[in-house]
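There are 4 protein chains.
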Amino acid sequence: MANKKVVLAYSGGLDTSVAIQWLSDNGYDVVAVGLDVGEGKDLEFVKEKALQVGAIQSYTVDAKKEFAEEFVLPAMQAHTLYEQKYPLVSALSRPLISKKLVEIAEQTNADAVAHGCTGKGNDQVRFEVSIQALNPNLEVLAPVREWGWSRDEEIEYARKHEIPIPIDLDNPYSVDQNLWGRSNECGILEDPWATPPEGAYELTNPIEKTPDEPDTIEIEFQKGKPVALDGKAYELDDLILELNALAGKHGIGRIDHVENRMVGIKSREVYECPGAMTLIKAHKELEDLTLPKEVAHFKPVVEKKLSEVIYEGLWFSQIRNALEAFLQETQENVTGLVRVKLFKGNAIVEGRKSELSLYNEKLATYTPEDEFNQNAAVGFIELWGLPTKVHSMVKKKGVNV
Amino acid sequence: MANKKVVLAYSGGLDTSVAIQWLSDNGYDVVAVGLDVGEGKDLEFVKEKALQVGAIQSYTVDAKKEFAEEFVLPAMQAHTLYEQKYPLVSALSRPLISKKLVEIAEQTNADAVAHGCTGKGNDQVRFEVSIQALNPNLEVLAPVREWGWSRDEEIEYARKHEIPIPIDLDNPYSVDQNLWGRSNECGILEDPWATPPEGAYELTNPIEKTPDEPDTIEIEFQKGKPVALDGKAYELDDLILELNALAGKHGIGRIDHVENRMVGIKSREVYECPGAMTLIKAHKELEDLTLPKEVAHFKPVVEKKLSEVIYEGLWFSQIRNALEAFLQETQENVTGLVRVKLFKGNAIVEGRKSELSLYNEKLATYTPEDEFNQNAAVGFIELWGLPTKVHSMVKKKGVNV
Amino acid sequence: MANKKVVLAYSGGLDTSVAIQWLSDNGYDVVAVGLDVGEGKDLEFVKEKALQVGAIQSYTVDAKKEFAEEFVLPAMQAHTLYEQKYPLVSALSRPLISKKLVEIAEQTNADAVAHGCTGKGNDQVRFEVSIQALNPNLEVLAPVREWGWSRDEEIEYARKHEIPIPIDLDNPYSVDQNLWGRSNECGILEDPWATPPEGAYELTNPIEKTPDEPDTIEIEFQKGKPVALDGKAYELDDLILELNALAGKHGIGRIDHVENRMVGIKSREVYECPGAMTLIKAHKELEDLTLPKEVAHFKPVVEKKLSEVIYEGLWFSQIRNALEAFLQETQENVTGLVRVKLFKGNAIVEGRKSELSLYNEKLATYTPEDEFNQNAAVGFIELWGLPTKVHSMVKKKGVNV
Amino acid sequence: MANKKVVLAYSGGLDTSVAIQWLSDNGYDVVAVGLDVGEGKDLEFVKEKALQVGAIQSYTVDAKKEFAEEFVLPAMQAHTLYEQKYPLVSALSRPLISKKLVEIAEQTNADAVAHGCTGKGNDQVRFEVSIQALNPNLEVLAPVREWGWSRDEEIEYARKHEIPIPIDLDNPYSVDQNLWGRSNECGILEDPWATPPEGAYELTNPIEKTPDEPDTIEIEFQKGKPVALDGKAYELDDLILELNALAGKHGIGRIDHVENRMVGIKSREVYECPGAMTLIKAHKELEDLTLPKEVAHFKPVVEKKLSEVIYEGLWFSQIRNALEAFLQETQENVTGLVRVKLFKGNAIVEGRKSELSLYNEKLATYTPEDEFNQNAAVGFIELWGLPTKVHSMVKKKGVNV
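The listed protein sequences derive, respectively, from chains A, B, C and D.
As numbered in numbering that gives the first Met the number 0, residues 0 to 400 make up the first sequence, in order.
As numbered in numbering that gives the first Met the number 0, residues 0 to 400 make up the second sequence, in order.
As numbered in numbering that gives the first Met the number 0, residues 0 to 400 make up the third sequence, in order.
As numbered in numbering that gives the first Met the number 0, residues 0 to 400 make up the fourth sequence, in order.
Among the hints, erroneous ones may be present.
Since the list can't tell identical chains apart, any single copy or any two copies may satisfy a pair.
Keeping only pairs whose Cα atoms sit at most 20 Å apart, straight-line, the calculated PhoX-like set for lysine-lysine is [claimed, not checked]: (1) 84 / 298; (2) 222 / 3; (3) 99 / 395; (4) 84 / 208; (5) 352 / 283; (6) 98 / 64.
Since the hints were made in silico from the structure, they are not lab data.
Remember, it's a predicted structure, so these values are computed and weren't measured experimentally.
Chain A with its partners taken away, still in its complex shape:
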């Protein structure tokens, strides 16, 4: 019987290299796919290595621009922070990677798609639900979850099959990175009382080593999208990478989070998101100036739901479409300039302005230019307080029932 064909998300690391061999052992022809979503990967090297360890075909995809425009941008506009802390770094890339895998599976007439996740994280859920959403006829394989080996067993298997063992094998960290940030778990981090060691960080300076002079930057937004930095136009992916460097230098965007995973456990993760945290903060400040109060007060409800939907792997779903449709309407007037001082771990918004600002100095001022009608307040308070007054009178009646 002919082999089945499987499309594997291939990182070049040990797990997915072993997976190529293991899938072959189990009767699959493996098509490897290496993606760059902003982690600065050497795609050529990944492509070659896949073939070297046994893939029958090897694809690479530079998905940075699509990732920035289609996945990161709405997340930034919605200030999506899972449990008010985590900017959804990996949760955003998983659906994009799934989409690319499914596209290549359909082009190559593959029977299955495979990912390298274990059985206790969130990413397995995100991959499998995304893939089913895009093509419910594709089988999904999770070799690492299936083989269930210890680290030692995996290395022995790799040695036996002459799969290259990485030099930094004793690196205690398990890292995922893309445009929107970098996540890190494992080892010493598993004790939530322990301070994360400096070795856990790569994109950000410790505050102790940040410059003693701030950088003050101006970010321009058009309809909620960052389009320029200090007056210079940027593509979104480039702007984020530039901000990662700049804000990272000043130690901005370290996040240390004990979070509730989908699979029922709490885990402790360390994230670095210098560009993400700077952009989310600046964007929120511009919204403070340009969103009507009713929108400003309801949008967080939508933001919270969208954060959970993305975290829980439901990117390709009607609920996300509907939440994003709400979101897009709110961005209509989010146009203007935000001035941010980057200094010693802080992204401080010092000023914001917009031609569409709803802040009206004539109404807000306490100077003689004041146009606000203070008498209106009397009637306002009378009706605003009326239910309280009636309630209070009822209580005072001292009725005992």
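Please arrange chains B, C and D on chain A, whose structure you already have, making use of the hints.
Only chains B, C and D this time, still in chain A's reference frame:
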């Protein structure tokens, strides 16, 4: 006809001193009440000055402990930040001051209660609704709103009645302060593009002048209440004041906010809340460790509502009681220790631990101690993804209707 | 000085007839506008009467189709029921009427717009906020609120100016009606313990007088819009009127509501909405079949907010646009047929079907055709229950802190 | 090796009778527990039958009062309707049954607890999560899910072991019943287009066979709890049973629901809840009279969450405790009388009154007794509409960006 009697919230400043005279002119005997809610006021001085400018009686109240225990504590436990930014500094003290005014009005058989707010802020609403909630039979007067004078007219009136004019009359700031922080508006701040001048701040160092060595502190919580600092027990009001000094020294807690007031305008305010922001952050981290996921995900809905309820002057209301009842249940297990590094404007939680921690290292670990059943994930994902799969199959049918 | 020009929403009744005279007395040339939003008004009669009582111009507008398509349809799709009861009958027509008034004011170069509401209802708010949203430069007049007359004073004024007094002057009811239903307040209804008298109703039979045979109808929806009744295509306004007759005959859609008005009071209203209640119910049942669970569980949050936004007069606002954008995405698959039995005050959905149904008999069945994998449930429950188990183990430790 | 001991929820039906045998075959001593939660079961018969088919011990528990007071009452006060339709009949009894099983398991030193659910419903989840919450050390067995037999295989096994086969074996319905209602699934109901057959109903008359005269009843509530019917005091369980009979006679409370189960599928269920639907409706009307607006508008958020929490098996959890704490505060003033007309499938609230009513006729009236200050509305609308006006002016500037 005998004069009516009014109980006035008296600060010792120009507006309320003029108000004593103005109320007397309008047929009221004025009972002045000076309160300390943590701003470090000289109550003796305030008491004397009230009598000197015409009050028939002068009371002072040190309300710091009651303010800390009854008003600040639930706000901290609920992480109440209006529009995700403002820790409700003044919004928390207004109901307490109203309560004291009503108590004294009832003791002195007064006919009315008066406050010194203008007609365009939120505080007038908070005072008037609170007073009506507590005693709907008391008249409420707002002399400053009623007289509607310009600054010059007010000063002329003061001069004519020999009311002392403050030396810092050209101070451009309008400040309110209590245990939970300090708010500031006016002048240059009215342009939201302008950087707030250093003169606007008093509780916090600019980052440029903060120490080059961090302070690392341990905050102990019992059932959601901070009870000790670095192992030393504190009353809550003292603990907050201590943290204000400590975190303020490190430049923590500056907030620059363009906010939506109740009365229909956006205004720009600058707040300093070093203790508040440090405690809210530390408390949230301990909750991350000790709250079940369902609670952690719904509590923010309650927090947001409580923030709005307090901001909008509805402290004395059934809705606040009900929201707080929810809140109290959630604090049952929020007991433990949080280690915070204070440095260069940052309050960084480096570790948290609790005997009631729901973080389970045996489940979270990737070491051989792992007790998590990875096979369970397969069934979990199958059912979690089933609706997506069905939805996807329906779409694939390509039905056109 | 030349008169100013005002565009008045004119109903043909006593209040607005008197308003024409009163506005003329106060220096305004009055342009009257009579609208039909489905109440079955004789527009020609209204037009003539306006001129007869002193308007300088008289317009009429048949706005039924626009009302149905632009205002009623999204409200039905969102199942908007204020406080879970009131289908927003008048709240929906006010923004449409405001829009027409503003259009005519702009065409006729008028300075002002006027409505006939008193000072204690919701409609004054809806008119004034809608008009300001559409053209903030137009003055808004509320003659009935301004003159503040008693009923007797108003009649005397009318007699003096030879304004026709209606024959049913002692009619105790204050009614508003359109396509989406009929509202009624006043008189005996003001005691919430009293049963509404039969005279309060007009669109619906009392159950005692409904037919003893049911009508069973099939309503077809396409993308959330009702398009046919028993296989016959209808324009939306006609379909609603047809259903009003049919469901009204069976006594469906009486609503007796003690509601919280915007202006701080509770009032008791009686509504009749036979078509509205039938359509909302049928549409919800089709959604139960076609919406994914995540959408079905979040849409009510949007529905509730939209109900409040519309009730509170904020139709022309970014928040409504954004909520409707969410809503529209959800209607994509709400296509199918619903069978409703109309009988004795009940609209009973007996069946629903759709080519886009997410109900999958193969998964739901308990017959041997079952394709559901019951083993998956074991893993699902293990992870679903894991946080509870951990929490329970922590509690069992009996830690006392 | 000695047998392990298992406590089994025993209904007296075929499945759990076979389970006693099957568990014995698998090395367990079975302790059977028969419960009455209001379904009117013959507990003596159940007790005897358990022993007869092989249990080593047989307990019975009349849990009606506990069920009514501790489980049904808060659900009624929260108007919990899953997906706005299902009053959580079985979802409410599962945690109570689990609690009784665990109590008996602890008394008898059992090793395990067992339930009779299959692998595709919600009840398996509710049982297993509840049991783990109460005692995480108990093993949970689900024999019906484990053996995975077809109906024929099960009957053959029963015959072989001389387990009595019920006479109504070809009864196509799968029913669960308690105080709060009756649920039914299976057979013809699996086609959501099909009208449920009359045989599916037992507690309610079809409207065609209801009396031609209404019953009008008065329900008295104290602090949100129904305490009397037509002036006669009742225990809660008796009151509900009485109402089931009365409202059921008038055909009230049939619910036909296509619902989203926890396990990822949509299913169609038919419920009968005559007492539940009558009480929920009456209670809501009394709340309309006695709850402040802010509470009335936020309580539905809590109600929706509580519905989902209960549906999803999380009764024994901190989130339910916290939601109920909110709920209890809101019931403080829900005291009064509601008059309900039961007629032809309708429970019509015709009147409601309360000494704690917040409805104030003096404020609501349009008669000369009116005490409402209509002038206050002008100031109210000015500030309420101010953001809209500013927004509109900004739009009119015609800025193009």
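The hints, checked one at a time:
no. : hint      : in the structure
1   : 84 / 298  : both (17 Å within a copy, 15 Å between copies)
2   : 222 / 3   : neither (47 Å within a copy, 40 Å between copies)
3   : 99 / 395  : between (68 Å within a copy, 18 Å between copies)
4   : 84 / 208  : neither (24 Å within a copy, 29 Å between copies)
5   : 352 / 283 : within (13 Å within a copy, 32 Å between copies)
6   : 98 / 64   : within (14 Å within a copy, 43 Å between copies)
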